[in-house]
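Chain order of the listed sequences is C and E. If you count the first sequence from 1, position 193 lands on 580 in the working numbering, and the numbers rise without skipping. If you count the second sequence from 1, position 115 lands on 118 in the working numbering, and the numbers rise without skipping.
Simulated from the structure, these hints should not be mistaken for laboratory data. In this text, a Cβ means the ideal position worked out from N, Cα and C, and glycines have one as well. Possibly wrong hints are sitting among the right ones.
[Unchecked claim] Covered stretches of chain E (chain C as the covering partner; in silico rule of three or more C-beta atoms under 8 Å from a C-beta of chain C): (1) 298-311; (2) 436-442; (3) 521-528; (4) 582-595; (5) 660-673.
[What the hints assert, rightly or not] Away from chain C, derived, C-beta distances all over 10 Å, residues of chain E: (6) His98; (7) Gln108; (8) Val157; (9) Glu639.
[Unchecked claim] For lysine-lysine, the following DSSO-like pairs were computed, each having C-alpha atoms within a straight-line distance of at most 27 Å: (10) Lys488/C with Lys202/E; (11) Lys34/E with Lys490/C; (12) Lys703/E with Lys580/E; (13) Lys621/C with Lys34/E.
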Amino acid sequence: MKEQLLKLEEQAKAQLASIADAKGLEEMRVRFLGKKGEITAILKQMGGLSAEERPVIGQLANKVRSDIEEAITDKQNAIKRELAQIRLKEETVDVTLPGKKIKTGHAHPLDATLEEVEEVFLGMGFDIVEGPEVETDHYCFEALNMPKSHPARDTQDTFYINENVVLRTQTSSVQIRTMEQRKPPIRIISPGRVYRSDTVDATHSPLFHQIEGLVIDKGVTMADLKGTLELLMKRLYGEETKVRFRPHHFPYTEPSAEVDLMCFNCRGAGCPMCKQEGWIELLGAGMVHPKVLEGCGIDPEVYSGFAFGIGLERITMGRYKVNDMRLLYENDVRFLSQF
Amino acid sequence: MDLSLRWLKDYVDIDVPIKELVSGLTISGSKVECFEEEGEFLSNVVVGKVLEIERHPDSDHMFITQVDVGEGEPVQIVTGAQNVSKGDYVPVAKHKSTVLHEGKQVRITKGKLRGVASNGMLCSVAELGLTVNDFPYAIEDGIFILGDDVDKTVGKDIREATGFNDTRIEFEITSNRPDCLSVTGLARETAATFGLPFKLKAPEYKGIDGKASDYIDVKIENKKLCPRYMGGIVKNVKIGPSPRWVRERLRASGVRPINNLVDITNLVMLEYGSPMHAFDLRYVEGGKIVIRNAKEGEKITTLDGIERELSPEMLVIADEKKPVAVAGVMGGEYSGIMEDTNTVVFESANFDGASVRMTAKKLGMRTDASARYEKGLDAENTYHALMRAFELVEKLGAGEVVREYIDEDYSDKTPKSVEFDADWINGFLGTDIPKADMIKYLESLELKVKDGRVYPPYFRIDIGCKADIAEEVARLYGYGNVPSTIIRGVAQAQLTDKQKFERKLRRTMLSLGASECETFSFISPKYFDKINLPADSKLRETVVISNPLGEDTSVMRTSIIPSMCEVLARNLNYRNKAACLFELGNEYIPVEGEVLPEEPVRLCIGMYDNDEPMKFFELKGMIEELLDKAGLDEYEIARPDENTRFAESVSFHSGRVAVIKTADGEEIGIFGELSPEVSENYKVSARLYIAKLLIPELMKKAAAVRTYKPLPKFPASVRDLSVVCDSELPVAEIEKAVKKAVGAILESVTLFDVYTGSQIEKGKKSVSYSITMRSHDGTLTDEQTDKAMNKVFKALEELGASLRK
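Please put together the full structure from these sequences, using the hints given.
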């Protein structure tokens, strides 16, 4: 019986080598290990063995069975691995084929830039306040220290609806509405559309966007104004950004400043982009004029504040290197889909 | 304001590189726009002396000259000019030089003219970039024969020799600083900026005995608009060209030299910032000068030869009979200086700025004078200007000044002063500037500090409060030296509900594949015709711009739809195959009895696709998704009826338009395909899809925050159903009936097929639904679902829909 068993093992292993698929493997398992299989058949003869031989042969039979079992399992795994390999190979795709188009919309560059500016200011505790675009002369000019005959009105060519109603030339009008409604401390920005009677060209548009900022509190200084705007510019244009403050005049601020950004292109050396100046004029700012505060019922002896106005088009065009303002309002999908 | 650097140096010894000068002035507040060197297009052009001149053997109009250009050997030059003689000094463009020809820089090299070598060119004034106004003795068609006012050292650079080497600096002067619209004003700023002394001497004149009042009588009728009028008389004038130093200063300032007397008034205006006027006494009828308002219908022909109609709010300088000048703007045609003028009236007056501004604007002529007056000059300017004019008359030998002048002065002489508080200034600026430094800065600008107060000089009309003093200190201390700090205190900021809602809508639209637009808020009234609005549509009542740039941008839009139509049409014109766009923008709706219109926010969606023209259900799907994200759960999509709030419903295809109604029946949006006529009006053949949603109205109905619904614990029962009904029956009716019939256990009714065709009777359609039912209390039994389905069958039968067999 011992010889029978060992022979069986030999036979099984020899047969295994020639099997190549799962089906043949299963047939083999049945033949050798099944209930009616060959090992079982041999074990049925165990009854004729002596009590001494029986455990020895039993042990051997179990070993032969588990050896065959193991060999079949190994072979089974090998076949599986091979099949898996074949499948992967068959399923290989050309990864350079184009991706499936998923359609998403594109934010308008002006709105994308605005949202970024808004986030900077929200982080600094500025509320966002809106106001009417069709505005009274009072809020747009008079309350900003620009009475009807003021020469500074000439610099803002105004669209009039009637003698007392205009299309706002600046979002500073919202400053006044806010100061009338809120008590200091005030920290707001006011983005929105403004209108000036400029013919459309690469750098002018009769409609553009401004972001006005206003801070009123006890002890607000011009140094605070500088710090705030420098922070904004660094957030928008990177830590390396350099800005320059120089004196200017606005009727509603005193002292007033214009803020220039060091030309990105030439880093201040002078190039055609900055008209050889090395600096690009970016925004106007200043300490709120005491007359403006008084007019809004805020005591300039107690409170001080600063205001600034940023042209959204200018920073947007700078960010995305858009060289013609008209593109922003044409809404050509070939332009919009670039952002 | 164009400033001559040479003139500036009359008043301040500035000797720094030009770049440093302009950047220093810009930083201290006088912004330099640009600067240019006079005659920079000239190179290698020198003074030469004509030693020999002879006719060209092969030409009857050319000459061969031998010219000494200071190089030892004379240079041979052929010229076609007829005005050159032996011994003349002339400008010589040597071999490899540049000059101007017809306004463009050209290069001169040696060559042969009719076989004779010519090693350069003799130049005319135009070839040097000059005019006969700059050198009145020169002729236009010929060589510039250098006169005694030119340095005749042979070989000398022509720019240096003629003084055509000034630097012109262009400033942007802000409206609060009319004093800087002058050489002395900018010299004062330069001196203060660079810490140099400012060298201005009070003008002096000798004069001859006599009184101006013996010649003229001055009467100010409107003392408010003319607080001061000074008149001087210059007798026995000798009209002639001004000397070179006057001409070159005017030229560099962009003013054409004319004759000595006119030049004097211009020189004084540029130097002192105070406009002056000179009249010929002969034309002052009755010897009377009256400063009065114009009479109704009165006319004047101004110096530029244009007849202008005046109106009574305008101020004029008149004689006994007629206006001779528009006060502060321009003189009359016949009152000016002529060749034969003998006695001149010099006017130096102060006029109300606002009045001059209004007059200049109304007459449509802004002059150098009005630009200065309208900013509000101090009356004391008039005195200094007249004194300087007298001084110049004597210096130029232009006539005899009658010593006693007329001075009608009603100006406010109350001295102005402002509190000086160094601590306050430092507190306001956030600086730590020593008080002594502040005083030094202020005094360098002639702002006197005394007993805690600052006394501004007369010409500083802009100083009126403490903050103004802080600015003067800050700009001389340097804005760049003011520290940068972060605002103190804690502030809370958050978006308003409106802002949050609008941001959510934007994001949703972007995620749905629509790109964002920005269109103009003003439109043409013709746009209403393009979208087929009837003539009496209320949308045609607009906010109208009284001074529009053009009709296209003349009214504020009452509907956002035409703006989007324009964008779609433009994209089609650009041959873009498809577009899917949206705009969140305002409409401007006039409100009866209110000064200002309402400005509600609208969401407008626009799309087309040439490859797949029918977009109705894509648009509808997009809107459904948007409304879901917006938090609007209950609404109905229906055809608009005649009571719709959307006047634009007429713009749509009548079979492909729908309105969105909230549960309480309010319409919050309209969408669909535009009618073929509207497409035709936009000259496009594509099918255009548009939606307009009312955002504030939507926001009111939408849930701010959704509450959680528990996830199902028990399985759902799904039954499919196909019914045949009239093809006219809207499927929404079937859905409504199913919902009602199934009741609380209904989870969803989903349409999966609509069929019309050979299998179905004509005029009918087959509609298939999948109905999902579920209970939160336990697994539904077959009995329960069957019961629900039976109710459904019954309800559908009532609609005339029968089960499809």
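Hint check results:
Here the segment 298-311 of chain E counts 0 residues with a CB under 8 Å from a CB of chain C, which misses the bar of 3, and the coverage is violated. A stretch counts as covered by a chain when three or more of its residues have a beta carbon under 8 Å from one of that chain; for the segment 436-442 of chain E and chain C the count is 0, and the coverage is violated. For the segment 521-528 of chain E, the proposed coverage by chain C is satisfied: 5 residues have a C-beta within less than 8 Å of a C-beta in that chain, meeting the threshold of three. A stretch counts as covered by a chain when three or more of its residues have a beta carbon under 8 Å from one of that chain; for the segment 582-595 of chain E and chain C the count is 6, and the coverage holds.
Here's how the segment 660-673 of chain E fares: 0 of its residues keep a CB closer than 8 Å to some CB of chain C, so the rule of at least three is not met and the hint is violated. Distance check for His98/E against chain C: the nearest CB is about 32 Å away, which clears 10 Å, and the non-interface claim stands. In this structure Gln108/E is separated from chain C by more than 10 Å, as the shortest Cβ-Cβ distance comes to about 19 Å. Taking the minimum C-beta to C-beta distance to chain C, about 37 Å, the non-interface status of Val157/E holds against the 10 Å cut.
Against the 10 Å criterion, Glu639/E stays outside the reach of chain C, whose nearest CB is about 27 Å from its own CB. With a C-alpha separation of about 75 Å, the suggested pairing of Lys488/C with Lys202/E is violated against the 27 Å cut-off. With a CA separation close to 50 Å, the supplied pair Lys34/E and Lys490/C exceeds the 27 Å bound. Our distance criterion of 27 Å between C-alpha atoms is broken by Lys703/E and Lys580/E, whose separation comes to about 37 Å.
Restraint check for Lys621/C and Lys34/E: satisfied, since their Cα atoms lie roughly 25 Å apart, inside the 27 Å limit.
Going through the hint list in order, the structure does not satisfy hints 1, 2, 5, 10, 11 and 12.
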